[in-house]
Amino acid sequence: MGENAKQTILIVDDHPMNRALLTDMLSAEFDILEASNGVDALTELHQHGTGIALVLLDIVMPQMDGLEVLAAMNAHGWIQDIPVIMVSSETSATVVQRAYDLGATDFIDRPFDTSIVWHRVTNTLVLCAKQKALEDMVQRQIIERERSVSQMISILSQIVEFRNGESGLHVLHVNTMTELLLRQVAKKSDHYQLSPADIETITMASSLHDIGKISIPEEVLNKPGRLTDEEFALMKQHSMAGAEMLYALPDYGTEPFLQTAAEICRWHHERYDGRGYPDGLTGDDIPLSAQVVALADVYDALTSQRVYKDAYPHEQAMQMILDGECGAFNPFLLECLQDIEDEVQRQMASPSPRVRPLAGPRPAAANPAASTLTAVDAGPAPSGRTLDLLEYERMKFDFFAKMSNEILFECTADPPLLMMSAWGTDPLGLPETMLDPASSPHLQEMVGAGNLAAFQEAIRATTPDDPIRQFDFQATVQGEPRWFHLAARARWEEGEDGLAFCGWIGKLVDVHESRKLMSELERRATHDALTGLTNHDFARKLITERMAEHPDDAFMLMVADMDLFKQVNDTHGHLMGDEVLKELARRLRASVRGDDIVARVGGDEFLICMKCAVDPHPLADRVYHGLIGEHRSIPISVSVGAAVAKGADTPYDELFAQADAAMYQVKRAGRGGCAFAEAETCNGAEPDATLRTGQAPSLRRPCNGADRRAGASPCRPSGPHAESDLGKEPHVT
Amino acid sequence: MSLEAFYESAGGNLADVRARFLTDERIQKFLVYFFQDTSYDDLRAALTAGNSEEAFRAAHTLKGVSRDMGFTDLGEAASSVTEALRPALDGTPQPTSAADPLLPELERVHLRIMTAAAEHPPAPVN
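Residue numbers (this note's numbering), protein chains in the order written: chain A, 1322 to 2054; chain B, 48 to 173.
Treat the hints with care, as some may be off.
Said to hold, decoys possible - Between beta-carbon pairs, the in silico distance windows are:
id : chain 1 : residue 1 : chain 2 : residue 2 : range
1  : B       : Ala96     : A       : Ala1774   : 29 to 39 Å
2  : B       : Ala92     : A       : Met1458   : 53 to 63 Å
3  : B       : Ala62     : A       : Gln1418   : 30 to 40 Å
4  : B       : Pro142    : A       : Gln1384   : 19 to 29 Å
5  : B       : Asp63     : A       : Pro1762   : 47 to 57 Å
Don't read these hints as lab results, they were simulated from the structure. Even for Gly, the Cβ is constructed at its ideal location relative to N, Cα and C.
Working from the sequences, and respecting the hints, build out all of it.
Printed below as a string of structure tokens:
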């Protein structure tokens, strides 16, 4: 922070006079933010984070009192970075004690004294800055120390590998895989009582598993062919040799790291069945560290190229390990290996193995000074650089969120507090911060009590492994229903009893316009603009789907073409032509049942598809008569072809071709009428010989029950759009 | 428009306020706030309405602002009322009648300050 930049103090007091008094006393040297209640205070903290250097906090306030603010600051971890001085005429010892317990740094009694207020504030800030500087220093030292330690280990393991003629990746691979396996072990069972610190230690120590090879003659180590019994006996000594090198170190007795490394060196060639070396230990007498490294070692040896062998692919290596071809392992570990198979493959395949993270103190190596410096010891405190990074992330996040026009939420379980990004509250007319949102009448009215309850239910049903829920719902904004999409992620934090639900974060997107646009586009893409009927493509899709859904039902497809439509256009103009088409569409719709499909195929050609009973003729008859007549003294005459098939029997296009051909037969026979294509009755009965004659006279009669034999067979199998038909078209229509 | 005359008449401790506020301007500025403060009226209203929690908060505020401005007597009286109305540890409010015996003294010292302010206006009246 620059010398000239003023630090910011947040004054939280419900009484304006108190805020004015404190502001008056401090504003010459500090920037002041004011909040008149606890909820507003949390909003300011959310917005400014560590941009607030110190909080002056009253205790007795309506809505959310000072102690509740302190509790929330604890829940968010702010209390460790932002000192709080209580300002209150509160003298009750229990209340004062409670405030200190919750992490308050100091107490300023009423009546306020200008000089005392100023000194307490500046002293606290100076102390806090010193503490942060010290923490940073310790942190840097720890990081430095860790860095040197891991560099030393890399050097050592590189020496061994270099001598082994290995690629140098082997240690890194064993490292990576050891860590992956241990994490899975810890996740799957608490039998081995693995702490994160144990995992760190074992992973780091795994680098040293082969240091004993330094004592093996190079000719043996790098012999391409099979080892003689004598050479193999020599080779086997590397495990004990490595352990002995570590036993000999003066710090061995007090350093858990060295002890773990020695375990691994000595026993990473033991077998679960007791047939390994050097000690022939059985089962879990072999330390887990050595068991895991043994498995990692074998896997990497199999999947890497060596002087004596080629690399096996992952699947084969896994199979060989599971089949017991490469040693005997703990079945539970094999299970873990199978669980993380994909991850192992991914990480091993990457050309540059994961760089071990160096930042952040590891519990095993943590300097005790670090924890005493942290007032409320909730794990390692973030360093100044980390805080800067967080600040940067927050800025980035704010910016992108603002740009994307999404409303961001954060909801804490305790206290039940809902906070919303400021730019989101404006259009919704909601406050930025809401206490107990579930019972807010405003929210219930907007979102709907049912939606709110369903959402809470869903959030409660999340688990740490499955924390995300998404909803589309309709809310009422300024009296208008609007569609929103809500995506929320539940948060769990490590508590005393394991992971505990501590709230959720979410974003709300107004999808109303895009939804409206989508449905409009969908409608336009599937419907004919003039008549409002579905278009042919969409009808084909609907009919194909429906026939597939009802394979055993009979469907009748009718193709209706207006007769002499060109004359209507020529005589009465295109407007009237359109008018007539619309009228025909209206009649089509009126002559069918609700779920029948009616479409405009194009021009003056329409189709109807409906399920039909055993005898389709009465139905066809009814439809046909519903269509013909006159409109504004223009006669409406149509030629209709029908075809019938079971859902499963005939593909749509074929059915359409049949109906279309039948329609053209009607046209050729003089227009006006309805005819069935050959061989199609609803029960799929035998083709009727008379239909094959294609006798024209029968076509003119409307079909009815008595006349059901009337019909036409398609005279051109190639369908109505064969060239010759097209050539005739102007004459027939 | 003399602070001395006003504080003497009101029974306040001007020396203390001067030591804490450092300038007379600041004292005058906050006396204006003090006379605009409604916590005394709020306290009376809450007691009349039987709202003990509201009365507790108002008494607490009155205690704070009185002591800030050096009105030790009013601060003491308000403090007694605060303690009488302080909710039990489990949050149960006290009956408002708990404050009844303390009200005559509270009224007396409050009236004294108001009278003093009328007779010796301590700050320019806008």
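Check: In ascending order, which of the hints set out earlier in this document are inconsistent with the structure?
Finding: No numbers; nothing is violated.
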